[in-house]
Amino acid sequence: MSRSNTDVTSLLSGTSVKAVISYVSDYVSKLGLKTYQAFASVHDVFNRNTEVMNSGATGTNTSKNLMRQMINSMSTKLEIGSPMAAMYLLGNPDHYKSHTYVNFPWRTYVTFVQNEWKLKMGFKEDQEDLDDVVLLKNDNGTYVASSCVDNYRYRPIAYENVTLYEWIQCSEVEMRSRKERAEFEADMELTEKWAKNGTGDYDDMNGTDHSDDEGDNYSDLDDFILHDDESELSNDEDSDAGKETDDSDYDWDSDTDDATVVRKEKKKSSSYKAVRHAFLPEHKALYLSHSVHCDFRKIKTIIPNFLGGAVPRADKGNRDYYCATMLTLFKAWRSPMDLKDNESTWDQAFEDHTFTERQLELIANFNLRYECNDARDDHYAIMRKKNGC
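Numbering (the UniProt record's numbering), first residue to last: 1 to 389.
Misleading hints may appear alongside valid ones.
Straight-line C-alpha distance at most 20 Å; calculated SDA-like pairs for lysine to any residue [what the hints assert, rightly or not]:
no., residue 1, residue 2
1, 273, 120
2, 331, 303
3, 120, 342
4, 64, 34
5, 97, 31
6, 120, 101
7, 64, 53
8, 331, 183
9, 331, 357
10, 64, 54
11, 179, 191
12, 300, 364
13, 316, 375
14, 118, 341
15, 30, 357
16, 298, 103
17, 120, 97
18, 77, 48
19, 30, 305
20, 120, 345
Here are the simulated distance ranges between beta carbons [stated by the list, open to error]:
no., residue 1, residue 2, range
21, 25, 345, 40 to 48 Å
22, 52, 383, 40 to 48 Å
23, 64, 174, 45 to 53 Å
24, 43, 320, 42 to 50 Å
25, 380, 44, 25 to 33 Å
26, 307, 367, 15 to 23 Å
27, 62, 174, 30 to 38 Å
Hints are computed from structural coordinates only; laboratory data are not their basis. All C-beta atoms, glycine included, are put in the ideal place defined by N, C-alpha and C.
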């Protein structure tokens with residue numbers, strides 16, 4: 001009746017449901033072939049065609065035939081079906097998603113925090129190697145090394161209360177143009193003169209970028225988001241001023257014309273003006289050459305892609321490591337010493353910190369994968385027991 005292959009079953013228990021979730025998640029997010037698997041596929045093809053290899057044939061058709069067999073062998077191990085292979089050959093996307101993913105080397109930040117605490121406590125020999133991601137950025141013909149940890153530690157004062165998780169979602173680091181850099185350096189020189197005369201401004205002393213600045217410092221994330229919304233509204237009003245036709249009086253919902261809808265979306269995107277800020281002066285690599293802006297509209301559409309292994313689980317394993325990881329992600333910090341005091345353990349600091357409702361939801365979601373994997377193992381054990389294995 002359905003004119004397709006079907007495999008329908010009834011899931012009557014939470015264990016079965018979680019087992020299916022684990023299976024589907026692993027299937028749709030499966031990684032590519034490992035190096036040894038790819039070479040094994042090539043080796044198998046050569047073994048099956050020993051006669052051709054020993055005959056010394058060097059024709060084009062022979063080479064194409066061997067390559068075709070290698071590709072088919074790898075495709076089988078990748079479990080790539082014909083429709084997906086056709087999508088690749090046609091240059092079409094192999095998946096569609098509503099969110100955007102950004103790489104997040106979370107272990108780098110946690111390792112840095114733990115190393116700093118070990119150094120403070122005098123355990124130098126227990127420090128782990130910091131696999132910091134260093135980005136090389138072309139700066140007027142030269143290269144500067146930038147640490148992702150330093151980018152967060154030396155973020156502008158305007159983003160003082162932004163957590164690491166939000167920083168990964170919303171931050172946009174941009175290189176200044178030559179004109180912007182010259183203006184910024186001139187502004188810094190003027191600030192230094194004011195400081196010597198005793199009339200310096202605190203914001204200027206701490207590296208606020210005035211080349212494209214229209215806002216003040218904010219002590220709370222909600223205040224900053226509200227300011228951005230107000231700026232967007234004011235920009236809309238300014239852009240409409242002096243025009244013969246006022247688009248704000250137009251009934252957009254009643255218009256189904258595609259061109260009109262596109263024009264509306266362009267207007268919305270163009271009305272937003274980013275407020276760019278300078279890093280703190282301690283960030284020697286990017287202080288003069290780059291500025292940063294946090295677009296908090298991305299919180300609902302940007303998903304960090306955790307690199308470096310799975311996040312530790314809450315109910316098993318090293319409790320201190322788990323608590324240190326959660327605090328690193330969801331508590332704003334510049335120095336690792338901001339995450340806890342000397343007398344407290346990581347567990348105590350974790351219990352004492354007040355997480356937001358959204359952060360608690362994310363923390364619970366981190367453990368969902370382990371719950372599904374446990375349910376998958378239990379489900380397989382039950383099925384083997386029923387089958388008498």
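Status of the hints after comparison with the structure:
1. 273 x 120: 43 Å, violated
2. 331 x 303: Holds: residue 331 and residue 303 sit about 18 Å apart, inside 20 Å.
3. 120 x 342: Roughly 10 Å between the alpha carbons, so the hint for residue 120 and residue 342 holds.
4. 64 x 34: 24 Å, violated
5. 97 x 31: Holds, at roughly 18 Å.
6. 120 x 101: 35 Å, violated
7. 64 x 53: 13 Å, holds
8. 331 x 183: Roughly 35 Å separates the two Cα atoms, so the pair is violated.
9. 331 x 357: Measuring from Cα to Cα gives roughly 13 Å; hence the hint holds.
10. 64 x 54: 17 Å, holds
11. 179 x 191: 18 Å, holds
12. 300 x 364: Between residue 300 and residue 364 the Cα gap is close to 17 Å, so the pair holds against 20 Å.
13. 316 x 375: 15 Å, holds
14. 118 x 341: 13 Å, holds
15. 30 x 357: 31 Å, violated
16. 298 x 103: Judged against 20 Å, a Cα distance of about 15 Å means the pair holds.
17. 120 x 97: 44 Å, violated
18. 77 x 48: 17 Å, holds
19. 30 x 305: 14 Å, holds
20. 120 x 345: Holds, at about 14 Å.
21. 25 x 345: 40 to 48 Å: This hint is violated: roughly 34 Å between Cβ atoms.
22. 52 x 383: 40 to 48 Å: 45 Å, holds
23. 64 x 174: 45 to 53 Å: 47 Å, holds
24. 43 x 320: 42 to 50 Å: Since the Cβ atoms of residue 43 and residue 320 sit about 46 Å apart, the hinted range of 42 to 50 Å holds.
25. 380 x 44: 25 to 33 Å: Check passed, 29 Å falls within 25 to 33 Å.
26. 307 x 367: 15 to 23 Å: With Cβ atoms ~19 Å apart, the hint holds.
27. 62 x 174: 30 to 38 Å: 53 Å, violated
In summary, the numbered hints that this structure violates are 1, 4, 6, 8, 15, 17, 21, 27.
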